[in-house]
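In this note's numbering, the protein residues as written are 473 to 1351.
Since the hints were derived computationally from the structure, they do not count as laboratory data.
Check before you lean on any hint, since a few could be wrong.
[Stated by the list, open to error] In silico DSSO-like cross-links for lysine-lysine, where the CA-CA straight-line distance does not exceed 27 Å: (1) 973 - 993; (2) 1292 - 855; (3) 623 - 476; (4) 973 - 900; (5) 1351 - 978; (6) 1181 - 1145; (7) 1312 - 1292; (8) 900 - 936; (9) 788 - 936; (10) 855 - 906; (11) 863 - 993; (12) 1009 - 985; (13) 1145 - 1059; (14) 863 - 1292; (15) 973 - 1114.
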Amino acid sequence: MSEKILLIDGHSILNRAFYGLPDLTNAEGRHTGAVYGFLNIMFRILEEEKPEYLTVAFDLSAPTFRHKRYEAYKGTRKPMPEELREQVPLIKEMLSAMGINIMSLEGYEADDLLGTVARRSEAKGMDVTILSGDRDLLQLATDKVLIRLPKTVRGKTTVENYHTAEVLEKYQVTPPQIIELKALMGDSSDNIPGIPGVGEKTATKMIVQFGSIENAHEHLEEVKPNKAKESLREHYDLAQLSKELATINTDSPLEFSYEKAKVENPYTPEAYELCKRLEFKNMLNRFDPATTADSSMELEFFTCNDLSGVEALFEKAAQKDQVGISVLADPDQVYTVGLVLDEKEIYQIPVGGLLTGDYLCGKLKALADSTVLCAMDIKSVLKHVSLDDPKKVFDAGVAAYLLNPLKSSYSHDDIAREYLDGMMLPSKEDLLGKTSLKKAWEEELEWLGNYACYQAFVPCMARKVLLEKLDETGMRKVYDEIELPLVFTLDSMEKWGISVKGEELKSYGEKLKVRIQELEKTIWQEAGEEFNINSPKQLGVILFEKLGLPGGKKTKTGYSTAADILDKLAPDYAIVKDILEYRQLTKLKSTYADGLGNVIGEDGRIHSTFNQTITATGRISSTDPNLQNIPVRMELGRLIRKVFVPEEGFVFLDADYSQIELRVLAHMSGDEKLIQAYREAEDIHRLTASQVFHVPLDEVTSLQRRNAKAVNFGIVYGISSFGLSQDLSITRKEAAAYIEKYFETYPKIKGFLDGLVKDGKEHGYVTTMFGRRRPVPELRSSNFMQRSFGERVAMNSPIQGTAADIIKIAMNHVYERMKKEGLRSRLVLQVHDELLIETKKEEIEEVSRILEEEMKGAADLAVELDVDMHQGDSWYEAK
DNA sequence: AAACTCACG
DNA sequence: ACGTACGTGAGTTTG
473 MSEKILLIDG
483 HSILNRAFYG
493 LPDLTNAEGR
503 HTGAVYGFLN
513 IMFRILEEEK
523 PEYLTVAFDL
533 SAPTFRHKRY
543 EAYKGTRKPM
553 PEELREQVPL
563 IKEMLSAMGI
573 NIMSLEGYEA
583 DDLLGTVARR
593 SEAKGMDVTI
603 LSGDRDLLQL
613 ATDKVLIRLP
623 KTVRGKTTVE
633 NYHTAEVLEK
643 YQVTPPQIIE
653 LKALMGDSSD
663 NIPGIPGVGE
673 KTATKMIVQF
683 GSIENAHEHL
693 EEVKPNKAKE
703 SLREHYDLAQ
713 LSKELATINT
723 DSPLEFSYEK
733 AKVENPYTPE
743 AYELCKRLEF
753 KNMLNRFDPA
763 TTADSSMELE
773 FFTCNDLSGV
783 EALFEKAAQK
793 DQVGISVLAD
803 PDQVYTVGLV
813 LDEKEIYQIP
823 VGGLLTGDYL
833 CGKLKALADS
843 TVLCAMDIKS
853 VLKHVSLDDP
863 KKVFDAGVAA
873 YLLNPLKSSY
883 SHDDIAREYL
893 DGMMLPSKED
903 LLGKTSLKKA
913 WEEELEWLGN
923 YACYQAFVPC
933 MARKVLLEKL
943 DETGMRKVYD
953 EIELPLVFTL
963 DSMEKWGISV
973 KGEELKSYGE
983 KLKVRIQELE
993 KTIWQEAGEE
1003 FNINSPKQLG
1013 VILFEKLGLP
1023 GGKKTKTGYS
1033 TAADILDKLA
1043 PDYAIVKDIL
1053 EYRQLTKLKS
1063 TYADGLGNVI
1073 GEDGRIHSTF
1083 NQTITATGRI
1093 SSTDPNLQNI
1103 PVRMELGRLI
1113 RKVFVPEEGF
1123 VFLDADYSQI
1133 ELRVLAHMSG
1143 DEKLIQAYRE
1153 AEDIHRLTAS
1163 QVFHVPLDEV
1173 TSLQRRNAKA
1183 VNFGIVYGIS
1193 SFGLSQDLSI
1203 TRKEAAAYIE
1213 KYFETYPKIK
1223 GFLDGLVKDG
1233 KEHGYVTTMF
1243 GRRRPVPELR
1253 SSNFMQRSFG
1263 ERVAMNSPIQ
1273 GTAADIIKIA
1283 MNHVYERMKK
1293 EGLRSRLVLQ
1303 VHDELLIETK
1313 KEEIEEVSRI
1323 LEEEMKGAAD
1333 LAVELDVDMH
1343 QGDSWYEAK
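All chains should be modelled from the sequences, with the hints used to inform the complete structure.
Okay, structure coming up:
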C-alpha cells in the first residue's frame, strides 16, 4: 500500500463552512461556526482516508504572480465579511495547537501550493487527496490524485469525489482541460475574464471538439455557433491570458517537509484548551481523557448489595442536604439504583436477592422526607417511586433544558461537560452500547452499575450550578413554579393514559383499506401502469414525465408531489384527485388506524409520553404515540376521535383556549386597538378585516375575513410578505400591502415585533412573559436566509412560548386542585391550547368550574383568556 | 439515515 | 440576490 497525503485548501474550506453552516458564537461573542465546520469536515476526511501526511494551505494577502500578470486580478473581489475574517487566525491557531502543518508562500496562492505538493507527492508514488471547496482544483485530478469537494445541502455535508474518470464523466473533458473551460467561460469570483458570449455549454462543446483553445483557434472556421467563433477571433489574446491565470502552478519554489507534515495525534492539551474556550463541546468528546489534564479526576464507585449495608447507606443519606439518585428500570422491572451522597460516596445497588425493586423504591420514597433527591430525569423516577412534592426533588434535565432549550439531548455526559468544568464522562452509549438494560443487568452488571452511578452523580453535583444559572438568567421561577410541578402533572397523565376502542379502530382501518384498494386500481388504470403510489419518486415520473402534467421540478432530488402542488392540478386531472384521496386514506390507515392500534396497552389504554425537554419554545411534545396530531380538520380523519373514550362512569370534558397566541400578542404588545378589539369581538378575524379594510363589521366579505385571518396567523409566525403571499396565493406586493395596512391599524404591533428582533440581536435570546428564554444564534448570522429565519423566530417564540407557559400553569393548577379536592377525574391530554379531562360523572360541574377558573386565571393579561368547553362520550363529541 | 409527505397547534 | 411562514412526530421509500 502506498503512503497517502491529504492536502487541504484552507480558505476555501473555511469559506464553505462559513456560508453553508449556521454561525456559532461563544461566550466572548467570537464567531466560531466556520472553524467548527472546518474541523468537522477535516476530521471526517481524516477518519475516512487515514493519511500518513497532512497539510493545510492558506493564501497570503501579498500580491501573487497573477496580479503582476493581470492588474484586475481579484481586484474587485468582494471583501470577506468581518465574521469570517476574524476566524482565519482562529483556525490557524487551532491547527497549530493540533500540531497540523500549515503552508503558505508569498507570491503564490494556496492552489499553487496544493498543486506543487500534489505533483511532488505523486512523483514519490504517494496517493494524494485534495480537500477543497473550489472546483478549479479539478484540473489537478489524476488516477493518483483525488479531489474531494464537500457540498452542504440543508446543513448536511456530503462529499463529491473526483479522479480523472469522474471529471471526464461529469464535465466531458480531461482534468487539464478544465483550465481551458474556465478560460473560455471566465470566473467572476476569481476575476478570470473569459470571453464574451461563451458559457458553460459552448465552452464544453468547443473543448470536447478541439481539445484546447489554441487548436480551436487554429480551426476557427469550424467553431460553432457563430457568436462563439467571432468572440474567439476577437478575444483570443484574452482567452490565452485567462488560461494562464487559471492554470495552477505545480512547480512553485515551496520548501516542503514531509517530516513536519506527518500526521500525529491532534488531540493535544493545547487543542483541548482552545476547543473549550471556543465552546466546541462536541469536539471535546474526541479527546482522550488521558491527554486532558483537568478531566482526569478519578471517580470511585462502590457496590452495595446486602440489606444491612443498604439500610446503613440510606440512613447516612438521610442526613445529607441533597443526594443524587437514579433508577434504571423497564416499565415492569427495576434493575439497579444509583445513590450519591457526595463526590466520594457513589454507590450502585443492583436489584437481587433481598434487595427487590419495590424495597429500594420504598427506601427512595422515604428518603425524600428528609432530603432533596436529584436525578437526571425525575419523571422516569416517578414511574417507580411515588413522590408527590416538587420541593423535594431536583431535575437536572429540565434545568439544563431551560438554560438552553436548543440541545438535542440532556444526558449526564452532556451536562457534566457543560456544567461541571468540562468533565468528560462516558455516555450511556460508551457504557452499554446498544445493550438493553435488562440484558446488561443479566450479563454486564458492572457496566450497568457504572451507568447508574454516573446518572446519580451528575445531577447531584450539578444542582448547585444549575440553580445558580437559573437564578442568574431569571428563570428560577419558571423552573420552580412551572416546569418542576409539571413533571408530576405529566407523569400522572402518562400513567392514566387514554382509553381506546381497539375493535372500532380496526374496523375503521378495514373500511379505509377497501377504498384504498379501489383507488389504487383506478390510479394504476389512469397511469397506464402499476407503480408504487407511495413513492414520490415514481409518482413524479408518472405525473410529470409519462403523463406530461405541468408543474415540473421542485425539490432537490426531483419533482415535488406535495399536496399544495397537486391541489393546483386536481381540478384538471382526475388522477391527481384520486392520488390526493389515496394519500389521505393511506395516511389515516398507517399512522392512525394501524399506528394507534399497535400501541394500545394491556389495560386498553394508550400511554403516550409527554416530553418536556424537546421544543425550542417551551411547548411539550408527545411521542409513542403522538397524541397531539390526531386528525380534526377533515371529517373523515376526525372520526378517529370516536375511538378515544372515557371509561365507564366518566365523560370527557374538553377545554381549549380561544386564539391564545393572538391574545398573548395583544397583551405583550400593549396595542390598545387590538386589546379593545378583543374586548368587543366574538369573531376577531372578522373584526380585524373590518378594521384593516375599513368596512363595517357586517359588510366584511368572506374573502376579507380569510385574508385577515391569514395575516393574523402570519403576524404570530413572524410575518414576511413572501410567506403570506404563499399562503394566500397572492403576489408579494399585495401581501406586503396587507401587512402594512395591518400595522397601520394596530400601530404598536410593529414596534413590539421590531423590538423583539432588536432585543434578540442585542442579547442573543428572546424571552416569554414569564422569563423563559430561547437563544436565537441565527440572528447574528451573516447569511441572509439564516438571519431572516432568526428574525421570524425572535417574533414567534415569545408568543408561542408565553402561550405554552400559560397552559402549563393551568395544567398544574387543574391537576393540583383536583388532587386537593379528592376528585377522581383526571387530566389525560394536552394539545398545546387544549386540555382533555376524563371526568367522573358526579364531578362534571366541579371539574368544569375548576377548568374554567384555572385556565382563565392562569395569567393576568390585558385581554380576557377565553375558553371553549364541551363534554361528550368520546373525544369526537367533546370537541 | 435522509428525504418526502402530512397529521396537529 | 438570497428563498421562508412558527412549533412538533411518524410512516414510507430510497440510497
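Going down the list of hints, with the structure as the test:
no.: 1; hint: 973 - 993; in the structure: 31 Å, violated
no.: 2; hint: 1292 - 855; in the structure: 21 Å, holds
no.: 3; hint: 623 - 476; in the structure: 23 Å, holds
no.: 4; hint: 973 - 900; in the structure: 38 Å, violated
no.: 5; hint: 1351 - 978; in the structure: 23 Å, holds
no.: 6; hint: 1181 - 1145; in the structure: 17 Å, holds
no.: 7; hint: 1312 - 1292; in the structure: 16 Å, holds
no.: 8; hint: 900 - 936; in the structure: 23 Å, holds
no.: 9; hint: 788 - 936; in the structure: 21 Å, holds
no.: 10; hint: 855 - 906; in the structure: 23 Å, holds
no.: 11; hint: 863 - 993; in the structure: 62 Å, violated
no.: 12; hint: 1009 - 985; in the structure: 23 Å, holds
no.: 13; hint: 1145 - 1059; in the structure: 43 Å, violated
no.: 14; hint: 863 - 1292; in the structure: 17 Å, holds
no.: 15; hint: 973 - 1114; in the structure: 9 Å, holds
Against the hints set out earlier in the document, violations occur for numbers 1, 4, 11 and 13.
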